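Asker: The chain contents come next:
There are 2 protein chains.
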Amino acid sequence: MRPVLLIWLWLGGLAIACPSQTAAQSQEVIAVRDYRSTHEREIVVELIDFLRLPNVTANLGDIRRNAAALVEMMERRGIETRLLETGGPPYVYGELGVLGAERTILFYAHYDGQPVDSSRWQGHMPFDPVLRDGALESGAKIVDLPASGEFDPDFRLYARSASDDKSPILAVMAALDALRAAGLRPGANLKFIFEGDEEAGSPNLGRVVREHGDLLTADLVLAADGPSDPSGLPTLYFGARGIVSLQVTVYGPLRPLHSGHYGNWAPNPAMRLAQLLATLKDPASGRVLVEGFYDDVIPLSEFERAAIEAAPNDDREQMFALAIAEPEAEGSRLMLINQPSLNVRGLRSAWVGDEARTIVPDLAVADIDLRLVKDIDPKTQIDRVIAHIEKQGYHVVWNEPDTETRRGHARLAYVQTADGYPAFRTSMDLPISRALIEAVEHHTGRSTVKLPTLGGSVPLYQFTDVLGVPTVGIPIVNYDNNQHSPNENLRLGNLWSGIEVLASAMLLH
Amino acid sequence: MRPVLLIWLWLGGLAIACPSQTAAQSQEVIAVRDYRSTHEREIVVELIDFLRLPNVTANLGDIRRNAAALVEMMERRGIETRLLETGGPPYVYGELGVLGAERTILFYAHYDGQPVDSSRWQGHMPFDPVLRDGALESGAKIVDLPASGEFDPDFRLYARSASDDKSPILAVMAALDALRAAGLRPGANLKFIFEGDEEAGSPNLGRVVREHGDLLTADLVLAADGPSDPSGLPTLYFGARGIVSLQVTVYGPLRPLHSGHYGNWAPNPAMRLAQLLATLKDPASGRVLVEGFYDDVIPLSEFERAAIEAAPNDDREQMFALAIAEPEAEGSRLMLINQPSLNVRGLRSAWVGDEARTIVPDLAVADIDLRLVKDIDPKTQIDRVIAHIEKQGYHVVWNEPDTETRRGHARLAYVQTADGYPAFRTSMDLPISRALIEAVEHHTGRSTVKLPTLGGSVPLYQFTDVLGVPTVGIPIVNYDNNQHSPNENLRLGNLWSGIEVLASAMLLH
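Keeping their order, the protein sequence lines are chains A and B. Just so you know, the first sequence maps onto residues 1 to 509 in this note's numbering. Just so you know, the second sequence maps onto residues 510 to 1018 in this note's numbering.
If you are wondering where the hints come from, they were derived from the structure by calculation, not from laboratory data. Since we're looking at a predicted model, the values are computed, not measured. Hints may be right or wrong, so weigh each one.
A few chain B residues facing chain A, derived, Cβ under 8 Å [stated by the list, open to error]:
1) Trp774
2) Ala787
3) Trp860
4) Gly964
Here a beta-carbon is modelled for each residue, glycine too, at the ideal position from N, C-alpha and C.
Could you build all of it, start to finish, from the sequences and the hints given here?
Answerer: Right, dumping it as structure tokens:
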């Protein structure tokens, strides 16, 4: 049952009927751009003020100050706002009704940020934003804010959450301001949900979605998070991979043994682990050799395949920058991450380098993450990997084995798994998906990069699977933003174009 | 050319001609035992005083105090003593001529000890020796030294170097005292070389052997170091494996990458390393698959094979204690370590456990040690492993690769090797070997455990290969002595029997 949306009177004027479309962009977007170019300093200052509020997820006092600032920013724009409490960081919820609109768009973003190591930020503290005349890596210097006039779009703002994920929130606000100033109204009712717990893995999102389903229901969720395509084209991702992880420990002798006196008599867990891991993947094709690993993959539609084919391919540049001679599997393309994956993210056994000791280690550990695509159940995928390990002759246990258990099994694997979550994918072929693509391409006058699945994981399945609302990612920030790292930054040009892209999406009707 | 040995007058009496042999042990050994049983407290107190001197190899001041104490202990026994300086810890050299003796035995031991972590020693500091009424692991308590009478042979003395390697030095001294008190003289001239640098890998031994070859030459080197057989039988090892080690680093992207956005496109060095290591060894047979790895192995003689067959087999007990369900290779025996080995002693890539991050690591490292048997050249063996790595498609470099090199090679391995040294092996069939076995078995009245090769490595090839002197290990301490670890200890019964074994060897003529 569709709950009633409180209709807020849209305060802007009703001018500009039937705007004529230019070859490049719509009149509406031109109006948005005009507004922005005369308000750049104002927009940047509002963002800087927001970035000055420390927002590390774990510091609840800081997070509440951010939430309060956000409420103030939203209410100033006529958005009816409330906090959804979780016991931890609150969700900031808002509504803006548009008279006559039939559809409702829910914007999702997050206002918390990753922890900071101030010692590794160059030239300033992470919550003391600075403007640079380019990218730090290219030697850009800190500059004063221009007193007036337009900013160079290649200038960058450096601060924690400059990209992830405060600037998308500011872009949403600026897009609203620009539409209003131009006397334009959004094509859909707008809702907003801003999370303060995302960098902790969104532990409360499921509960909030279930408890507040009436508030959060919509025709479309637009998630303003993540980097946009390096080409600079507007980017839409219609899904993201899920994730689940496991740690595998295999055992040698009860304690490390002298490798001379015991080596090659006592079983070596580091070698055993290597042999076990080697069975997981074909070295040439990169294909995971776990039975059933690819069984549940839903094939892409023709439209989705065509969208991928049309996406810009900068693999050569990335390979050069990352010093990768060849991708893992011959012929694979970076953007085509529509498959489940198995990644060894860490290995440890005894010591290496200066700390190496001439021993047979007592155990060896591998940490593995599995990325999931639509319709692969996290638990089922883990079970397949476990079955594979068992097929290699291992006795698998779920608790740290005691001495007796170690005596009883020549090949013993202790498996720990972490809670994961499934992928989401919204079909590009849905009318609402097509309408979104059409709105963004029509208004911006540019083709879009459309990804059926983002490689990374975001727990937006809560919206698609729990609420049944189609969900699409609409990232705007520069891909080289040092997300989660020191010297996080936002290229101003991305903020400018992001405002236009988000305004275009709001014009969907 | 055999240098002239300064003949020292043996001060003891010349009594007990033609001792009649008992079924069990010789009259000489009975006399040694009698001496010991009436001097136990004196022997233990002298050892305790020696153990009170901190002897961590790196602390040269401490080492010199130990050397001075050793000189004093030796001179008190009529041994002409001098220091052989190296710039670092000095070697303490001594001679004791025996009128009429034709052969010369050089005793080797070391007086330095491993570093200590005092916080992990239980109940006392590592250089504050204590007596316990048994093994700490069995809950034994600290007890006072008995004022008089015999000590329980199961009592243990706890201190750094209690076993490794000060008590063998004391046992040599006590054996001399016992022989002298009984009016017996050694059957051979005696020389002594006590090293202060062994735990640092004997960096100066080669130079000392070359520079002082005239002093050090002998008919037999007896190395009093290492644990004796758990059976309690007198143990002789006629060789020890050599060692050489290498570190292999393989590469992924220039920096760790998000495993979602880049996973299974960017090559994963942890998986690559696992696949590479897995090619090195057959999981079922434990056989190293490197071409030529076993080519230079010299077969054992019939006598040596028989000696191994006759050695006690406590593999089941060891497997139980170490919680090993099966040895690495089916049917292998612990004591039969006469083969070259390949041991992965450490693995590292990115992070595991609580520190795990969802990344594709930038590199992965394996530390490997190779044990060598007689006539395998360390460099040749390393070269074979390198050739194997190259055969797996890797480009091998010897310096840390720069970005350009990483761009140019899909499979790139950076190999670092540490200086190693070859094995030594003295034939058990030599007349001097047979004479030693005969002397020990005759006098102690017990069969000996004779190992053609000790699993561990000691750089005694300097004596065999540089000086051409047959070298045999004559270990006396309990095998469960926590060597190199906290709570190092000596079982007194091993010291008692060790005195008899060493006296027996001195009676070789």
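Asker: Each hint needs a verdict: does it hold in this structure or not?
Answerer: Taking the hints in turn, this is what the structure says about them:
1. Interface hint at Trp774 of chain B: satisfied, since its Cβ lies 5 Å from the closest Cβ of chain A, which is below the 8 Å cut-off.
2. At about 4 Å, the closest approach between the beta carbon of Ala787 of chain B and any beta carbon in chain A falls short of 8 Å, and the interface hint on this residue holds.
3. Restraint check, Trp860 of chain B versus chain A: the minimum CB separation of about 5 Å is within 8 Å; hint holds.
4. Below 8 Å, beta-carbon pairs count as interface contacts, and Gly964 of chain B has one with chain A at about 4 Å; its hint therefore holds.
Hint check: no violations occur; every hint is consistent with the structure.
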